[in-house]
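**Q** For reference, the chains in residue letters:
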Amino acid sequence: MNVNRPYLSLLALLTIALLSLTSHAIIVRHDVLSTDYEISRTDYPAVFFLERQGSRKICVATVIHPQWALTAAHCTEETMLEETVQTGRRFGVSVGGENREIDAVIKHPLYDQESSSDVDLALLRFRKPSATPRPLPLQQKPNELGAVVTIVGWGYFGLGTLGRQYDDGRMRKATNRITTAQRYLRFVFDDPRNGSDESLPLEGSPSLGDSGGPALIDSELGPHLAGIAVGQIQGADYSEETQGRYGAVAIYERISSHIDWIEEVVGSEVPFDS
Amino acid sequence: MAGSQHPGFHHSHCDRGITPGVQTVSNVEKEKLSAQPAAAAEAATALSIL
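Read top to bottom, the protein sequences are chains A and B. 58 is the number of the first residue of the first sequence in our numbering; add one for each residue after it. 3 is the number of the first residue of the second sequence in our numbering; add one for each residue after it.
Hints are not guaranteed to be accurate.
As the list claims (entries may be wrong) - So the derived label-pair ranges between C-beta atoms look like this:
(1) E277(A) - A48(B): 35 to 41 Å
(2) T236(A) - A48(B): 16 to 22 Å
(3) A48(B) - I96(A): 29 to 35 Å
(4) T47(B) - T189(A): 37 to 43 Å
(5) D254(A) - T47(B): 25 to 31 Å
(6) T218(A) - I51(B): 21 to 27 Å
(7) E298(A) - T47(B): 16 to 22 Å
(8) L219(A) - T47(B): 20 to 26 Å
(9) R234(A) - T47(B): 17 to 23 Å
(10) E155(A) - I51(B): 26 to 32 Å
(11) R191(A) - T47(B): 22 to 28 Å
(12) A48(B) - E140(A): 26 to 32 Å
(13) R234(A) - I51(B): 20 to 26 Å
(14) I51(B) - P199(A): 23 to 29 Å
Please keep in mind that the hints were generated in silico from the structure rather than gathered at the bench. In this text, all values refer to a predicted model and were calculated from it rather than measured experimentally. We put the beta carbon where it would ideally sit given N, CA and C, even for glycine.
Throw the hints in and build the complete structure from the sequences for me.
**A** And the structure:
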């Protein structure tokens, strides 16, 4: 019927627009092409997502040892990982293009989200060790303040002007600068419209689904794992709908503060890949 | 924790037959935190989990 043609055309246009909007990911600068943030899994083979839920990829972990990976402890509960391993089964993941199985989860002894001293970290043990991908070394020195970090994940996409919008499960990276290195590592998603030079060319902020993901500090020897994504400060302007917009303060667990625990669980001293 | 009662899922004191020595690790962590009042205050900040 002719009368429906305008509506069908409008529906087609809306569908195309929606698909184009959801073809990107992460919270990025509004004035930079979102495709500039997109990366491939081969760029960071030691970084993997824990679970797929439809098109979404939930939580991230990083290989730090031939038989161990590090993530946020709450990610073991947000995915089927904890339940699977609790019942004696193995949890399958894809790491560096290979299928691997996680058979044990070791949460940090201070993990307790109701506690002010919560440490949101968990070590994941692979059933079998593997030489590939090469584990990422840990940041040992507590000199992270002022360092530029690269963050990686598959979480929600959004613009800094609006906050999180859609989730298409694409992998991307962004950079930011550590502004606080105390109990946690913190960084702020700076608004480039403010006229300062604080905003990096590919500045970005983690979003829902990026928990457990790495904050990497580059060195002459390559990237080091300095932080694990756990959350965002709930400031006065915080709202769930606009999470991650300019001014957001991201919180990462500080790896250099937990080397002793990691060594104790893994059973050897860092660096693990030497 | 309930998880420590199940095979394959542990807190650190249960892993690899680790004995009470691992409790020392836990205590070390607690001491580090208690020695940093600024850090403890920071930890009390409300977080939205990602």
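**Q** Against this structure, judge whether each hint is valid.
**A** Verification of the supplied hints:
For the hinted restraint 35 to 41 Å between E277(A) and A48(B), the CB-CB distance of approximately 39 Å keeps it satisfied. Separated by about 18 Å at the C-beta atoms, T236(A) and A48(B) satisfy the suggested range of 16 to 22 Å. In this structure the supplied range 29 to 35 Å holds for A48(B) paired with I96(A), their Cβ-Cβ distance being about 31 Å. Between T47(B) and T189(A) the Cβ separation comes to about 39 Å, which falls inside the hinted range of 37 to 43 Å.
Checked against the given bound of 25 to 31 Å, the beta carbons of D254(A) and T47(B), roughly 27 Å apart, stay inside it. Checked against the hint of 21 to 27 Å, the C-beta distance between T218(A) and I51(B) comes to roughly 24 Å, which is consistent with it. At roughly 21 Å, the beta-carbon separation of E298(A) and T47(B) lies within the given 16 to 22 Å, and the hint holds. As the Cβ distance of L219(A) to T47(B) is approximately 24 Å, the hint placing it in 20 to 26 Å holds.
The hinted range of 17 to 23 Å is satisfied by R234(A) and T47(B), whose Cβ atoms lie roughly 20 Å apart. Distance hint check: the CB atoms of E155(A) and I51(B) are about 29 Å apart, consistent with the given range 26 to 32 Å. A hinted range of 22 to 28 Å for the beta carbons of R191(A) and T47(B) is inconsistent with their spacing of about 35 Å. Taken as a hint, the range 26 to 32 Å holds for the pair A48(B) and E140(A), whose Cβ atoms sit roughly 28 Å apart.
For R234(A) and I51(B), the Cβ-Cβ distance of about 23 Å falls inside the hinted range of 20 to 26 Å, so the restraint holds. Roughly 25 Å separates the CB atoms of I51(B) and P199(A), a value that falls within the hinted 23 to 29 Å.
Checked against the numbered hints above, the structure violates only hint 11.
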